Amino acid sequence: MYQSAHFNQYNAISGVWDEMYDANANIRDHYRKVIDYLAKESPDDLNKKEDLARRLFMSQGITFTVYNSGEGIEKIFPFDIIPRIITGDEWAFVEKGIKQRLTALNLFLKDVYHNQFIIKDGVVPIDVIYSCPHFLREMYKLDVPYDIYVHIAGIDLIRDEQGTFYVLEDNLRTPSGVSYMLENREITKRLFPDLLPTCNVRSVTEYPTILYKNLQSLSPRQNSNPTIVLLSPGIYNSAYFEHTTLARLMGVELVEGRDLVVHNHKVFMKTTTGLQQVDVIYRRVDDDFLDPLVFNPSSILGVAGIMSAYRKGNVAIVNAIGNGVADDKAIYSYVPDMIKYYLNEEPILKNVPTHQLRHPDELAYVFQNINKMVVKKTNESGGYGMLMGHAASEQEIEDYKKEILKDPRNFIAQPTISLSAAPCYIQGTLQPRRIDLRPYALCGPDGIEIVPGGLTRVALKEGSLVVNSSQGGGSKDTWVLA
Amino acid sequence: MPEFKIQHVTRYTYDSLVRDSANQITLFPIVDIYQDVLKHDLHITGNPLVDTHIDYYGNEVGNFTYVERHKELVISSEVLVNTHHKPLPTDEAPAEQQWQALAALQYIVPYIDFLKQEYFEGIDELRTIVEAERQSGDTPYQTALQFCEYVYKNFEYIKGVTTVETKLDEIWKLKAGVCQDFAHILMEMLRLLGIPARYVSGYICPNRGGMRGDGATHAWAEAYIPDYGWLGIDPTNNCIANETHVRLAVGRNFSDCSPVKGIYKGLSGHKLEVGVAVEYKDGKTTGKPEKISPAFPASGSLAATFTQNSYQQYKQNLLEQQQAAQQQ
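Chains as they are written, first to last, in numbering that gives the first Met the number 0: chain E, 0 to 481; chain C, 0 to 327.
Chain E with its partners taken away, still in its complex shape (with noise of 0.2 Å):
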């Protein structure tokens, strides 16, 4: 056992998946490297390693937004010194599970805007399909370069008190939070020179050549210097560190839409020395806001005309437009009949339970359980609009209740997962948090490429399942073991 003050007040909180412990309270194998090292640390320097994390975060401007909290919108991502470790054979499953799941949701999105098929054979049923707000029939027979819809994905998995890895939810629009997995692994450089090397730890960097590559790949024309741009909403937008960030290491220009503009079905920067085409962008603006000219008119985020450009081939948009019918919650049941109807095989991944609000019998056990379970809006992400049924209280449960009733279709309700426990550097000691994962995959011309990390977050209140940065959630370094 360790005698370090800081290591010997460590309780794993009983029930719950310990990434740290084993079942018999001893540290397991892929920890025992880091633990060693920070046995051997003095509080007092754990805490100057805490406080230079700190410090870094703030001089670098890696901050998020939170919305409707009335202070001060921008924020440091609170971050957990303490890296979050994977094995290496964990990770071969996981990679191996998102790269299917994957596949068979480009299929579905390629199918749901052509031929659909699998609504013909009643596998996902077509009323969950034609009512969900993200089914854009203007994408209706567009075809997409490489028939590839979601190029970044960032699908979100939790484990199970014994362990097993679950998808919570399928992000396909707009995922963010790749920038913090790339920054944080910065940090941890500074703050642990030593360790990564020594612990074998697989390297995140290549995220953004990867995504370079990929883009450049998709260039309608044919010239080996394309223009990509990334479309950023604009900075009061919760992730526009990110969006500098990545337009930073990619190199390419960062935009907004009234940088842009559509002549003669082809889209144009305006520079300095006048137009210049653009052949591939990068949006991080939504669907709904990219054309006011077809989709939501009041938008001024977006470009008139861009629509047009897209449907002609002119440009290639990242990720493509209408992905949200595939990562809509009330969809995301679907998605292991989607596995096995289009690949033929047995999901390796598994979808936590979920009820359908719409069918009267299910929100009739739903409402009875109301207390076990977790209620999501199917068209919100983020961590803002859901219920979690064991913390509420009567009033807010019989709100919210009124709420569904008032459009069933757009909820969900999931059993609440107790989510796994990582061990977190708070005060001085060493706590269990619970953490999710979500690694970030990319999908180009010669297939999908996971880099080995991606985004820990840890719900760090005590006690606390919701670990959305927006809900006072931080994160961690995420280590995989070659």
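Some hints here could point you the wrong way.
Lysine to any residue pairs mimicking SDA-like chemistry, simulated, CA-CA at most 20 Å apart [what the hints assert, rightly or not]: (1) K119/E to A102/C; (2) K260/C to I53/C; (3) K264/C to M268/E.
By construction, these hints were calculated from the structure, which means they are not laboratory data.
Keep in mind it's a predicted model, so treat the numbers as computed, not measured.
Put chain C on the given structure of chain E with help from the hints.
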């Protein structure tokens, strides 16, 4: 076999120079066995390159941009169309069998889209009316005609009280409107009973008949009748839409079929004039460009200073809200 020469002019005029205008036009008459297009001339200010595609509903849609600064944008579409009389439903199958045939379409593409009811405050009231108006034993065809007459008799045809953006709630309160409002209410009634209903935009060419909607773009509804197909019904004129009605597009609602829509960058408001003139084979012409009140009042006083600029604040808030709303 009537032949019509239809001239449809849309003119936007701006108080000051605007630029980066992007437009979508749905001005290409549907071509099928009941309608041929003999000639179509399209003239647009600046001669932009118009790209056309077929949309989800099968309509031909054109897109163009006009980037240079301009104070006027005119879209002039001149079509020479032939229409043919479509025989009416024989309506021989027993009513019950027909209703069952419709019920089977509920979860079938494309009918699912044309059965979706739009929620509005008066829906319960309308449901009561629908139940009261429908005669038991009536076929879907008879019911559709019945409802068409109901809308015609109970809604007043008044120009200018509604716009293309008026929602069902308001039409319901006003009990008045123009063709698209009449079509909107009729579609909702049909859908409440499970009859697929779609919106049609086009032109009405009554020659000497004199019908509502003459001299402008017109709109009506189509109901899906078993063993027959889509039947055009015009609640504004309480008639079957047949060879006097030239179809441009079909869709779930107005916004799927909007004949001309556009976005531009500029400080000034715009004035919109739309005119439709129809020339008949016998030499008669009806309709002339008609002025429509501006959608946005023109504004623009310069060099004033304000202690509070709520508009700028509003724009800033809007920008922040929209930027903040994008996330996953």
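Outcome of the hint check:
no., hint, result
1, K119/E to A102/C, "holds, 17 Å"
2, K260/C to I53/C, "holds, 17 Å"
3, K264/C to M268/E, "holds, 16 Å"
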